[in-house]
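Peer 1: The primary structure of each chain is shown beneath.
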Amino acid sequence: MNYLEQERQDALAVSYVLGSMRGKARLRFQGLLMQHLSLRQAVWRWERHLNPVVEQLKPVMPDASVWQRVTIRLGWRALEQAPPPQSRSYWKETFALALVACLALVLLLPRLEPVVPTQVPAQLAIVQNSQAQALWVVKWEQQQLKVQATAAVQPLTDADYELWMLPENGQPPISLGLLPQQANTERALPPSVNGLKVAALAVSLEPKGGSPTGQPTGPVLHTAQLVQL
Amino acid sequence: MTPQQQLLEWLRSSAQGDKAAFESLYQATSAKLFAVSLQLMRRRDWAEDVLQDAFIKIWHNAGDYHTEKGTVMTWMISITRYRALDLLKSRKVKAEHIELDESWMEALHTGEFTDPASDKARLEFCMEGLESDHRQSIYLAFVNGLSHQEITQYISAPLGSIKSWIRRGLAKLKRCLEA
Chain A
1 MNYLEQERQD ALAVSYVLGS MRGKARLRFQ GLLMQHLSLR QAVWRWERHL NPVVEQLKPV
61 MPDASVWQRV TIRLGWRALE QAPPPQSRSY WKETFALALV ACLALVLLLP RLEPVVPTQV
121 PAQLAIVQNS QAQALWVVKW EQQQLKVQAT AAVQPLTDAD YELWMLPENG QPPISLGLLP
181 QQANTERALP PSVNGLKVAA LAVSLEPKGG SPTGQPTGPV LHTAQLVQL
Chain B
1001 MTPQQQLLEW LRSSAQGDKA AFESLYQATS AKLFAVSLQL MRRRDWAEDV LQDAFIKIWH
1061 NAGDYHTEKG TVMTWMISIT RYRALDLLKS RKVKAEHIEL DESWMEALHT GEFTDPASDK
1121 ARLEFCMEGL ESDHRQSIYL AFVNGLSHQE ITQYISAPLG SIKSWIRRGL AKLKRCLEA
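Going down the list, the sequences are from chains A and B.
What the first sequence shows, in our numbering, is residues 1 to 229, in sequence order.
What the second sequence shows, in our numbering, is residues 1001 to 1179, in sequence order.
Don't read these hints as lab results, they were simulated from the structure.
Treat the hints loosely; a few may be bogus.
The calculated lysine-lysine pairs, modelled on DSSO-like cross-linking and capped at a C-alpha distance of 27 Å, are [stated by the list, open to error]:
id : chain 1 : residue 1 : chain 2 : residue 2
1  : B       : K1057     : A       : K208
2  : A       : K58       : B       : K1069
3  : A       : K58       : B       : K1089
4  : B       : K1089     : A       : K24
5  : B       : K1069     : B       : K1172
6  : A       : K208      : B       : K1163
7  : A       : K24       : B       : K1019
8  : B       : K1120     : A       : K24
9  : B       : K1089     : B       : K1120
10 : B       : K1057     : A       : K24
Derived, one-sided and incomplete: chain A residues facing chain B with beta-carbon distance under 7 Å [to be verified]:
id : residue
11 : G19
12 : R48
13 : H49
14 : P52
15 : V54
16 : P62
17 : W67
Even for Gly, the Cβ is constructed at its ideal location relative to N, Cα and C.
Pulled out of the complex, with its shape left as it was, chain A reads as follows:
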């Protein structure tokens, strides 16, 4: 490799490490990193140079719930010990989005049953990934669960996503069935949820066909809260 090329690689590497490379350029560069060892080496060199700068920051203790959430996501901890699900706290940020989605849902979902005037108001949850993209929109009605999958759902071939209801009284999670990987589904809510308050919904990764034990066996991928419509 000639000298100019090395200079160019170094300039890109430092811009990446510093963080001044943003957006699409950053993604493209990550692709190049996978292909070129010399580029990775240039990045590592800058990381070795610059990272000690932030090692000198005053340590700040994170909340104890962070470790709990790590162990839940790694599947080391049973779901029933899960911390309160306000964990993914940008939920508040997306509350407006949720409201918009609620309205859209109310307007767009086919009303298959006649509207009963005494019906309990429906509740809604949006399951999001860590990029705050909506994955599933879950509408919880009096006896029914309607789930709409979005295009952001990662398709699985030899596993399934399973939805769980976490009762507020600390009782073990109750399965609400498998989540669709595309389109939408409707099903009756299991009778066992009757009379229980919902602390949160959770999505776990399970073997094809769902948990063999009736309790979550795989890692918890997402949690979401129901909002009253």
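With chain A fixed as given, assemble chain B onto it according to the hints.
Peer 2: Chain B only, in chain A's frame:
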């Protein structure tokens, strides 16, 4: 065993599936990595999301660590910073209310780096050799995740100057560190 060797030992065990070792690694490093994340995200809840994602990645990628990536701490900082930089864009963090943590700058002047042969002491020496505008611009970009444009609001200088200061400052820093 030095602290660095201890971290390496925990990471090695983590790569082999040792959960207790991973917890020790978390206990030893999470407050430092959280400080890194907090400087970039500026919101405690978002910074915690970053920390959580970073440790998931550290567990899964523990076996990919090697010394060319720096010390274990350097490697873990890289993972944390890149996760934060990814999220910075999607969460549209506003740069208006930054509280600069000058503790590193203080350390420069109080001589906290006791081992003169350490990389940190070398970095201290080389950073001190930079002009203060250059050093501060690099700090705002690297530690606080500010874009060049945002830095112009902190250091009253035109964008062209900021860009040039960062470029020249880093070039000088590199020459000094690799000398």
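Peer 1: Each hint needs a verdict: does it hold in this structure or not?
Peer 2: Do the hints match the structure? See the list:
1. Among the hinted pairs, K1057 (chain B) with K208 (chain A) is consistent with the structure: their alpha-carbon atoms are about 25 Å apart, no more than 27 Å.
2. Taking the CA atoms of K58 (chain A) and K1069 (chain B), the gap is about 23 Å. The hint holds against a cut of 27 Å.
3. Distance check on the hinted pair: K58 (chain A) and K1089 (chain B) sit about 25 Å apart at the alpha-carbon level, within 27 Å; holds.
4. Distance hint between K1089 (chain B) and K24 (chain A) is fulfilled; the C-alpha atoms sit about 11 Å from each other, no more than 27 Å.
5. Of the pairs offered as hints, the one joining K1069 (chain B) and K1172 (chain B) holds, with about 22 Å between alpha carbons and a cut-off of 27 Å not exceeded.
6. Between K208 (chain A) and K1163 (chain B), the direct Cα distance comes to roughly 53 Å. Violation of the 27 Å bound is thereby established for this hinted pair.
7. Taken as a hint, the K24 (chain A) and K1019 (chain B) pair is broken in the structure, with Cα atoms around 36 Å apart against an allowance of 27 Å.
8. The suggested pairing of K1120 (chain B) with K24 (chain A) is violated, with an alpha-carbon distance near 33 Å, which exceeds 27 Å.
9. Under the criterion of a C-alpha separation no larger than 27 Å, the hint pairing K1089 (chain B) with K1120 (chain B) is inconsistent with the structure, at around 30 Å.
10. In summary, the hint linking K1057 (chain B) to K24 (chain A) is supported, as the alpha carbons are separated by about 22 Å, within the 27 Å threshold.
11. With a cut of 7 Å, the hint placing G19 (chain A) at the interface with chain B holds, because the nearest CB-to-CB distance is about 5 Å.
12. The interface hint given for R48 (chain A) holds, since its Cβ lies 4 Å from the closest Cβ of chain B, which is under the 7 Å cut-off.
13. Because the beta carbon of H49 (chain A) sits about 5 Å from the nearest beta carbon in chain B, less than 7 Å, this interface hint is met.
14. For P52 (chain A), the interface hint holds, since its Cβ comes within 7 Å of a Cβ in chain B; the closest pair sits about 5 Å apart.
15. Here the hint on V54 (chain A) is kept, as its CB sits about 5 Å from the closest CB of chain B, short of 7 Å.
16. Contact between P62 (chain A) and chain B, as hinted, is supported at the beta carbon level, the nearest pair being about 4 Å apart and thus within 7 Å.
17. At its closest, the beta carbon of W67 (chain A) sits 6 Å from a beta carbon of chain B; the interface hint therefore holds under the 7 Å criterion.
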